[in-house]
Amino acid sequence: MNWDEIKAKLEQILDLRLKREVLHKNDWFSDRNVIEKNNQIYFYLYSEGNHDYTFSLNHTSLTPSEKNLIEMTLSLYRANLGQTKSTSDEQNSITLRDWILNQLQYGSNHYEKLPEPLVQTPQLLTKNIPILIQTNASEENTEEELLNLLKSFYGSQIVLIPLSNKEYVLLCSLDLLEEEIEEQGKDIELEIEESLQVFSSSLYEMLLSEWIGKCHISVHYPIVPCESVLFVIKQLREVMELGRKYYQNEYIYSPWNLQLESLLDILPDEARSGFIKHVFKQVDFILDAEMKTTLEQFFNTDCNVSETAKKLFIHRNTLIYRLDKFKHETGLDVRVFNQAVLVKVSLLLYKVTNRS
Amino acid sequence: MAGLSLKNIYKIYPNSETPSVSDFNLEIADKEFLVLVGPSGCGKSTTLRMIAGLEEISKGELYIGDRLVNDVAPKDRDIAMVFQSYALYPHMTVYQNMAFGLKLRKMKKTEIEERVREAAKILDIEHLLERKPKALSGGQRQRVALGRAIVREPRVFLMDEPLSNLDAKLRVQMRTEIGKLHKRLETTFIYVTHDQTEAMTMGTRIVIMKDGIVQQVDSPTQVYHHPINMFVAGFIGSPSMNFVEGKLEEKGKDVHFTAEGVDIVIPEGKAKILREKGYLLKDILLGIRPEDIHQEPVFLEASPNSVVNAHIDVAENLGHEMNLYLSGLGNKIFVARVDGRANIKEGSNIQLAFDMNKIHIFDKDTELNVFEN
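Same order as they appear, the protein sequences are chains E and C. For the first sequence, the positions run 1 to 356 when UniProt numbering is used. For the second sequence, the positions run 1 to 373 when UniProt numbering is used.
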């Protein structure tokens with residue numbers, strides 16, 4: 001049965017004429033399903049875009065019992081529709097996840113396109129922002145909770161694919177971002193990285209406050225999921241792994257912020273340790289916690305001596321003394337660009353070789 | 001509203017040689033405005049993140065009210081957080097940003113509206129409710145972030161350097177606003193900053209941290225006038241406290257402090273403590289704040305035993321006061337803060353007198369304040 005059939009049935013039983021009317025979306029139906037306005041009574045059916053769809057009729061031609069009967073009938077039908085929809089959404093999501101997991105595990109071609117029967121939502125045919133969410137939470141039902149939360153946050157413009165109860169792929173329609181960028185009169189190609197950064201930061205902050213707390217997210221450039229969802233998941237996982245490996249205290253990772261790390265990660269272990277040994281000579285002796293913090297802060301403040309001293313709350317002369325000591329022991333002066341590059345690279349490599 | 005109790009809290013990151021936070025013990029009273037302050041990497045943000053539930057507690061117990069919350073998710077801790085980044089939700093209006101958390105909690109629409117309007121009124125952003133974040137200035141965004149926290153009416157507010165992205169003028173203004181907010185909401189605030197001025201002006205109590213360890217917890221006045229060690233003494237106050245390394249010697253019935261260019265008499269009360277604690281003839285550090293060094297002739301006449309001669313390298317006139325950067329006292333630059341109207345010439349010599357009742361003596365090895373331990 002559809003809305004027209006229901007309309008016909010109600011008209012037949014109650015012997016009256018219902019009109020299908022479209023209203024511009026307003027807050028009228030946010031906490032009720034019936035409104036009375038200008039001698040007309042409107043029964044809410046559903047919303048689409050910026051419009052509310054209704055049945056309407058003249059207020060005076062209806063008794064209170066008839067009004068209740070119509071309202072109840074429409075509510076029941078709506079509930080039934082919702083249930084059918086969510087069951088089928090759930091089924092689609094499971095099928096999609098199974099195909100992805102299967103391809104990731106056994107498939108040899110990461111450029112494999114989504115098979116047509118799996119493209120159940122038009123969103124998979126348009127550009128989306130791909131995001132990977134990882135959490136350590138072991139709680140049950142996080143998937144449903146997360147999906148509801150994201151739907152409340154972004155509306156219906158998302159697809160959530162749970163890869164496990166600790167790893168989720170989120171596809172957000174690019175419309176969410178384009179609207180923002182266009183409103184600011186900026187070029188999406190030029191602004192994309194900055195906009196994705198803001199987009200992922202707000203998602204992260206929302207998840208922190210409203211979900212299970214600490215999580216890590218990686219974000220990538222927009223893709224059309226039906227063409228490259230597998231490939232982008234692989235890339236998102238790589239970015240996540242790289243980010244978590246090099247930056248334990250950070251939580252949002254993107255490929256454009258991990259370019260150097262991604263390059264260094266290609267190096268074999270022997271090459272890494274060889275490089276560190278060559279640069280630092282006696283690593284453990286030189287790189288105590290204090291020296292590590294000092295150098296990291298120095299690089300974070302773009303090699304600015306005064307700023308670094310201020311941040312570390314040490315006297316400028318103390319910082320200069322530490323940098324001189326480092327120079328004396330390694331022969332490298334981090335105030336000189338080329339030598340600073342060597343030390344920066346070695347510090348990054350040291351982080352990962354030390355752990356393995 | 002609730003107090004908090006942190007008992008023997010540790011944070012140890014995997015593969016890290018030293019704990020990021022070590023044996024943190026603190027009782028935070030209901031409605032208190034507590035400020036965690038310290039240099040970069042001292043563990044203040046990590047402590048706040050543990051309270052928020054964003055970092056696991058490696059060891060120890062955390063109570064909010066009477067409830068042990070070590071394993072409670074952030075959203076169930078009844079706290080609200082405001083971060084440095086204050087990442088507003090870019091696709092939502094200011095109203096929706098503030099209402100989002102309440103909507104999730106299935107609050108009635110009328111109540112949501114009431115709370116949002118009330119918070120907007122407090123923060124003076126009622127006229128911005130229909131705007132999107134991109135159309136707001138930095139200060140306005142910060143207010144919205146605060147509003148998002150306020151509407152939740154949490155038991156505890158947690159703020160991590162919320163003003164550091166604002167320019168200096170706005171920061172001062174927002175500092176006052178947050179102070180007022182605390183008085184108005186009467187809720188517990190825990191505030192992290194690296195800026196000692198923020199800590200001094202906002203906190204009812206300050207926790208000074210260094211290398212993951214709490215150095216001192218006390219009111220702003222106490223930490224300023226009675227610092228427990230050299231780190232606290234140097235960290236709180238701008239310009240910082242001056243330190244000069246020297247020796248204590250008994251000359252006649254007086255105890256003198258001598259260093260390069262300095263020979264001053266320690267007041268009897270303080271000398272007695274130093275004698276009793278065995279500091280005579282020992283190397284120690286004398287600390288004095290810039291405002292406790294005077295150039296007024298009346299003060300010089302009244303304190304003949306604490307007069308020193310120095311060379312003025314730089315005189316920085318701020319109008320109401322003047323910072324003199326001096327050499328010839330020990331081997332470090334000394335700073336004295338004098339009246340802005342004083343007739344001072346850069347490059348000349350000057351006679352100054354220390355206010356000896358305000359001096360601090362620090363043990364050279366332990367760096368502890370001899371008078372406070």
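Derived from the structure by calculation, the hints contain no laboratory data. Even glycine gets a Cβ: it sits at the ideal position worked out from N, Cα and C. Among the hints, a few may not be true.
Footprint (simulated), chain C over chain E, 3 or more residues, beta carbon under 8 Å [claimed, not checked]:
(1) 148 to 156
(2) 219 to 225
(3) 307 to 319
Okay, derived cross-link-like pairs now, DSS-like style, lysine-lysine, Cα gap no bigger than 25 Å in a straight line [unchecked claim]:
(4) C:K109 / E:K214
(5) C:K75 / E:K37
(6) C:K272 / E:K214
(7) C:K210 / E:K292
(8) E:K310 / C:K282
(9) C:K180 / C:K31
(10) C:K134 / E:K151
(11) E:K151 / C:K251
(12) E:K311 / C:K210
(13) E:K325 / C:K183
(14) C:K282 / E:K37
(15) E:K151 / C:K75
(16) C:K103 / E:K214
(17) C:K108 / E:K214
(18) C:K272 / E:K151
(19) E:K325 / C:K75
(20) E:K310 / C:K180
(21) E:K151 / C:K7
(22) C:K251 / C:K210
(23) C:K59 / E:K245
(24) C:K134 / E:K127
(25) C:K364 / E:K310
(26) E:K234 / E:K127
(27) E:K310 / C:K134
(28) C:K103 / E:K151
Comparing the hints with the structure gives:
1. 148 to 156: Per the Cβ count (4), the hint holds.
2. 219 to 225: Since three or more residues must qualify, the claim that chain C covers the region 219 to 225 of chain E is violated, with 0 doing so at under 8 Å.
3. 307 to 319: With 4 residues closer than 8 Å to chain C, the region 307 to 319 of chain E meets the three-residue bar; holds.
4. C:K109 / E:K214: 29 Å, violated
5. C:K75 / E:K37: This hinted pair is violated, its Cα atoms lying about 41 Å apart.
6. C:K272 / E:K214: 55 Å, violated
7. C:K210 / E:K292: Distance of about 16 Å is within 25 Å: holds.
8. E:K310 / C:K282: Violated, at about 32 Å.
9. C:K180 / C:K31: 13 Å, holds
10. C:K134 / E:K151: With a Cα-Cα distance of about 22 Å, the restraint between K134 (chain C) and K151 (chain E) holds, given a limit of 25 Å.
11. E:K151 / C:K251: Outside the cut-off at roughly 80 Å; violated.
12. E:K311 / C:K210: 12 Å, holds
13. E:K325 / C:K183: 49 Å, violated
14. C:K282 / E:K37: With a Cα-Cα distance of about 91 Å, the restraint between K282 (chain C) and K37 (chain E) is violated, given a limit of 25 Å.
15. E:K151 / C:K75: 18 Å, holds
16. C:K103 / E:K214: Between K103 (chain C) and K214 (chain E) the Cα gap is close to 22 Å, so the pair holds against 25 Å.
17. C:K108 / E:K214: This hinted pair is violated, its Cα atoms lying about 29 Å apart.
18. C:K272 / E:K151: At roughly 72 Å apart (the allowed maximum being 25 Å), K151 (chain E) and K272 (chain C) break the hint.
19. E:K325 / C:K75: 47 Å, violated
20. E:K310 / C:K180: Violated. K310 (chain E) to K180 (chain C) sits at ~29 Å, over the 25 Å cutoff.
21. E:K151 / C:K7: Violated - the C-alpha atoms of K7 (chain C) and K151 (chain E) are around 39 Å apart, more than 25 Å.
22. C:K251 / C:K210: With a Cα-Cα distance of about 38 Å, the restraint between K251 (chain C) and K210 (chain C) is violated, given a limit of 25 Å.
23. C:K59 / E:K245: Cα-Cα ~24 Å, so holds.
24. C:K134 / E:K127: At roughly 23 Å apart (the allowed maximum being 25 Å), K127 (chain E) and K134 (chain C) satisfy the hint.
25. C:K364 / E:K310: 24 Å, holds
26. E:K234 / E:K127: 18 Å, holds
27. E:K310 / C:K134: At roughly 32 Å apart (the allowed maximum being 25 Å), K134 (chain C) and K310 (chain E) break the hint.
28. C:K103 / E:K151: 12 Å, holds
Going through the hint list in order, the structure does not satisfy hints 2, 4, 5, 6, 8, 11, 13, 14, 17, 18, 19, 20, 21, 22 and 27.
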